[in-house]
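Asks: Please model the complete structure; the sequences and the hints are all you need to start from.
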Amino acid sequence: MVKIWLGRTVVLPFLVSIICTAQAQVEPMAGQWKTWVISTGAQFRLPPPPGKGDTAQELNALLDRQARRNAGAIQQIEHWNAGAPGYRWHQLFQNLETNVPVGYLRDVALLDVAVYDATVAAWDSKYAHRRPRPSAGSSGLKPHLPMPNSPSYPCEHAVTAGAASVVLAYLFPAKADSIRQLAREAGESRLLAGVVYPSDVKAGFELGQKIGELVIAHAKADGSDARWAGTMPTEAGRWQGKDPMAPGRGGWKTWVLTSGDQFRPGPPPDFTNEMAELKAAKRSFPANARAYYWATRFMMDEVTDRLVFEYNLTDNPPRAARIRALASVANEDAGIACWDAKYTYWGIRPFQYDSTYKPLIFTPNFPGYPSGHASLSGATATVLGYLFPAEAARLKKMAQECAQSRFDGGIHFKTDNDVGLEMGRKVGEEIVKWAERDGAQR
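Sequential numbering from 1 applies to the sequence shown in this note's numbering.
One or more hints might be untrue.
Below 25 Å or equal to it, Euclidean Cα-Cα: the simulated SDA-like pairs (lysine to any residue) are [stated by the list, open to error]:
#, residue 1, residue 2
1, Lys-414, Ala-281
2, Lys-397, Asp-301
3, Lys-34, Asn-312
4, Lys-52, Glu-188
5, Lys-34, Lys-433
6, Lys-396, Asp-418
7, Lys-397, Asp-418
8, Lys-397, Arg-264
9, Lys-202, Gln-91
10, Lys-34, Gln-441
11, Lys-175, Glu-188
12, Lys-282, Ile-361
13, Lys-433, Ile-361
14, Lys-210, Thr-40
15, Lys-253, Arg-425
16, Lys-210, Gly-103
17, Lys-253, Glu-429
18, Lys-142, Asp-64
19, Lys-282, Thr-344
20, Lys-220, Gln-209
21, Lys-433, Arg-264
22, Lys-202, Ile-361
23, Lys-397, Asp-225
24, Lys-433, Gly-72
25, Lys-282, Thr-363
26, Lys-396, Lys-433
27, Lys-397, Ala-281
28, Lys-210, Lys-396
29, Lys-52, Leu-141
30, Lys-242, Ile-361
31, Lys-426, Thr-344
32, Lys-34, Arg-437
33, Lys-279, Lys-142
34, Lys-220, Gly-103
35, Lys-202, Asp-418
36, Lys-210, Asp-225
37, Lys-414, Lys-426
38, Lys-142, Ser-199
39, Lys-210, Glu-188
Simulated from the structure, these hints should not be mistaken for laboratory data.
Replies: Below, the structure written as C-alpha cells:
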C-alpha cells in the first residue's frame with residue numbers, strides 16, 4: 001500500500017520511475033496522427049541517431065557553445081523559444097503576406113499544414129529512437145531553458161524551421177535568402193540553449209524540408225493559378241465593377257470539402273427591405289468600433305494563437321500544430337466555399353443597390369453574398385469550439401460579432417451575414433469530422 005503524508009512520501013522506487021516516465025512524455029502517440037500531405041508520420045522515418053562516440057563529440061560542441069553563451073545568444077534563444085515552434089514562423093508570415101484576404105487564407109493553410117505534418121513526422125522518429133536529451137550525458141551541461149519532455153532526435157524547432165522556411169521561400173521568393181537565414185538561426189538557438197544535439201538539428205531541418213517540398217507540390221496543383229474564363233453579369237441587381245478579386249477561387253482545390261460548391265446556398269433574396277434596414281440603422285460608437293476592429297484583419301486567426309497560450313499548449317508542439325492546421329484549413333475551405341457562392345450569384349453590395357448610401361468602411365472589390373467574414377468566423381468558431389469546448393459559447397458569440405461588424409460597416413446586408421455564418425458552421429463541422437478521426441484522441 002502506498003502511503004503519502006504532507007512533507008514525506010513513502011512509495012516504491014519502481015512506481016516513482018513509472019510515474020515520472022509517464023509525466024515526462026509529450027504526446028508519445030503523435031507520430032501516428034493522421035497527416036495532410038505525407039502518407040503517415042513514418043513515411044520519412046529517420047535512421048538511428050549517432051552512436052556513443054559521435055554523441056560525445058557533440059556534447060563537447062554544446063559545452064563550447066555554452067562557454068560562449070553571451071547576451072546576444074540568450075536573446076536569440078528566448079526569441080525562438082517564445083510560443084510553440086511554429087509561433088515565430090506564423091508571425092513572420094503575417095508580416096510578409098499582403099494578399100489579403102484571398103492569398104492569406106491559402107498561404108497560411110499551406111504553412112500550418114507543413115508545420116503540422118513535419119511535427120507528426122518528427123514525433124514518429126522521436127519515439128522510434130528515444131534519444132535522451134543532452135543533459136543526460138553531461139553533468140557539466142547547463143541548459144538555458146527547461147529541458148523539453150520529449151526525446152531529443154530530431155529537434156522539433158529545426159523540423160518546423162525546415163518545413164516553414166521552404167514553404168515561405170516559395171510564397172515569398174524575394175525574401176527567400178532572409179527566410180533561410182532565419183531557419184538557421186532557429187536551429188542554432190536550440191544548440192545555444194543546450195537542449196538538443198547538432199545532429200538533432202541537422203536531421204530535423206532536412207526532414208522538415210522534405211515535407212515542405214510536398215506541401216509546395218500540393219500548392220502547385222491546387223488550381224490557384226488557373227485563369228478565370230467566366231463572364232460578369234450585366235443585368236440590374238447584380239454586382240458591377242472592374243477586376244473583381246479572385247473570381248475563380250471557388251474552383252480551387254479544397255482540403256476537406258469535396259468541392260467549393262458542397263454547401264452552396266440558394267440565391268440571395270430581393271434586398272429592398274434589407275436596404276431600408278441598413279439605412280435605418282443608427283451608427284453608434286460601439287457599432288463603429290466593431291466595424292473597424294474586425295476590418296483591420298481577420299482577428300479569429302489571432303484568437304487561435306491566444307488560445308494556445310491560454311491553455312498552456314506552447315510546450316506541446318503536436319497539439320499546438322494540430323490546432324493551427326485545423327483552424328487554417330477550416331478558413332481556407334470556408335473561403336473557397338464562400339467564393340463559389342459569391343461568383344455564382346454576384347450578390348450586389350449596399351452602395352450599389354442604393355447609390356445615395358455611404359458605407360462606413362471600405363467595400364472590398366468582389367460580390368457581397370455571402371459575407372466572407374461571416375463564413376470564415378463561423379468555420380473557425382466551430383473548429384475552435386470543438387478543440388476548446390469550454391470556449392465554444394464565447395467563440396460563437398465572437399463569430400456573430402464579426403458577422404455583425406460587416407452590417408455595422410455598411411458593406412453587407414443582414415442576409416449576407418446570416419447565410420455566411422451558416423455556411424461557415426457547415427464547413428467547420430466537416431473539419432471537425434476529419435479531426436475526430438485523426439488519432440489525436442488516443
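Asks: Hints first: check each against the structure and report whether it holds.
Replies: Structure-based check of each hint:
Taken as a hint, the Lys-414 and Ala-281 pair is honoured in the structure, with Cα atoms around 11 Å apart against an allowance of 25 Å. For the hint pairing Lys-397 with Asp-301, the CA-to-CA distance comes to about 16 Å; that is within 25 Å, so the pair holds. Between Lys-34 and Asn-312 the CA atoms are separated by roughly 23 Å; this keeps the pair inside 25 Å, and the hint holds. Note on Lys-52 and Glu-188: the hinted pairing holds, with a Cα-Cα distance of about 22 Å set against a maximum of 25 Å.
Restraint check for Lys-34 and Lys-433: satisfied, since their Cα atoms lie roughly 13 Å apart, inside the 25 Å limit. Between Lys-396 and Asp-418 the alpha-carbon distance is near 13 Å, which keeps this suggested pair within the 25 Å criterion. For the hint pairing Lys-397 with Asp-418, the CA-to-CA distance comes to about 13 Å; that is within 25 Å, so the pair holds. Pair hint Lys-397 plus Arg-264 holds up; C-alpha atoms about 24 Å apart against a cutoff of 25 Å.
Under the criterion of a C-alpha separation no larger than 25 Å, the hint pairing Lys-202 with Gln-91 is consistent with the structure, at around 24 Å. Distance check on the hinted pair: Lys-34 and Gln-441 sit about 11 Å apart at the alpha-carbon level, within 25 Å; holds. Restraint check for Lys-175 and Glu-188: the C-alpha separation of about 20 Å stays at or below 25 Å, so the hint holds. Note on Lys-282 and Ile-361: the hinted pairing holds, with a Cα-Cα distance of about 15 Å set against a maximum of 25 Å.
Of the pairs offered as hints, the one joining Lys-433 and Ile-361 is violated, with about 37 Å between alpha carbons and a cut-off of 25 Å exceeded. Pair hint Lys-210 plus Thr-40 holds up; C-alpha atoms about 14 Å apart against a cutoff of 25 Å. Restraint check for Lys-253 and Arg-425: satisfied, since their Cα atoms lie roughly 20 Å apart, inside the 25 Å limit. Between Lys-210 and Gly-103 the CA atoms are separated by roughly 23 Å; this keeps the pair inside 25 Å, and the hint holds.
A threshold of 25 Å between alpha carbons decides the hint, and for Lys-253 with Glu-429 the separation of about 18 Å falls inside it, so the pair holds. Simply put, Lys-142 and Asp-64 have alpha-carbon atoms about 12 Å apart, close enough for the 25 Å limit, and the pair holds. In summary, the hint linking Lys-282 to Thr-344 is not supported, as the alpha carbons are separated by about 32 Å, beyond the 25 Å threshold. A hinted pair counts as satisfied when its Cα atoms are at most 25 Å apart, and Lys-220 with Gln-209 qualifies at roughly 17 Å.
Distance hint between Lys-433 and Arg-264 is fulfilled; the C-alpha atoms sit about 19 Å from each other, no more than 25 Å. Restraint check: the Cα-Cα separation between Lys-202 and Ile-361 comes to about 49 Å, which exceeds 25 Å; the hinted pair is violated. Of the supplied pair hints, the one linking Lys-397 and Asp-225 is violated, its CA atoms being roughly 36 Å apart against a limit of 25 Å. Annotation: proposed proximity of Lys-433 to Gly-72 is violated, straight-line Cα distance about 46 Å (limit 25 Å).
A threshold of 25 Å between alpha carbons decides the hint, and for Lys-282 with Thr-363 the separation of about 19 Å falls inside it, so the pair holds. Between Lys-396 and Lys-433, the direct Cα distance comes to roughly 18 Å. Compliance with the 25 Å bound is thereby established for this hinted pair. A distance of roughly 21 Å separates the Cα atoms of Lys-397 and Ala-281; the hinted pair therefore holds under the 25 Å criterion. For the suggested pair Lys-210 and Lys-396, the alpha carbons sit about 38 Å apart, so the restraint of at most 25 Å is broken.
Taken as a hint, the Lys-52 and Leu-141 pair is honoured in the structure, with Cα atoms around 17 Å apart against an allowance of 25 Å. In summary, the hint linking Lys-242 to Ile-361 is supported, as the alpha carbons are separated by about 19 Å, within the 25 Å threshold. Distance check on the hinted pair: Lys-426 and Thr-344 sit about 19 Å apart at the alpha-carbon level, within 25 Å; holds. Under the criterion of a C-alpha separation no larger than 25 Å, the hint pairing Lys-34 with Arg-437 is consistent with the structure, at around 8 Å.
At roughly 66 Å between alpha-carbon atoms, Lys-279 and Lys-142 are farther apart than 25 Å, so this suggested pair is violated. For the hint pairing Lys-220 with Gly-103, the CA-to-CA distance comes to about 14 Å; that is within 25 Å, so the pair holds. Note on Lys-202 and Asp-418: the hinted pairing is violated, with a Cα-Cα distance of about 50 Å set against a maximum of 25 Å. For the suggested pair Lys-210 and Asp-225, the alpha carbons sit about 23 Å apart, so the restraint of at most 25 Å is met.
Taking the CA atoms of Lys-414 and Lys-426, the gap is about 19 Å. The hint holds against a cut of 25 Å. Straight-line distance between C-alpha atoms of Lys-142 and Ser-199 comes to about 19 Å, which keeps the hinted pair within the 25 Å bound. Taking the CA atoms of Lys-210 and Glu-188, the gap is near 20 Å; set against the 25 Å cutoff, the hint holds.
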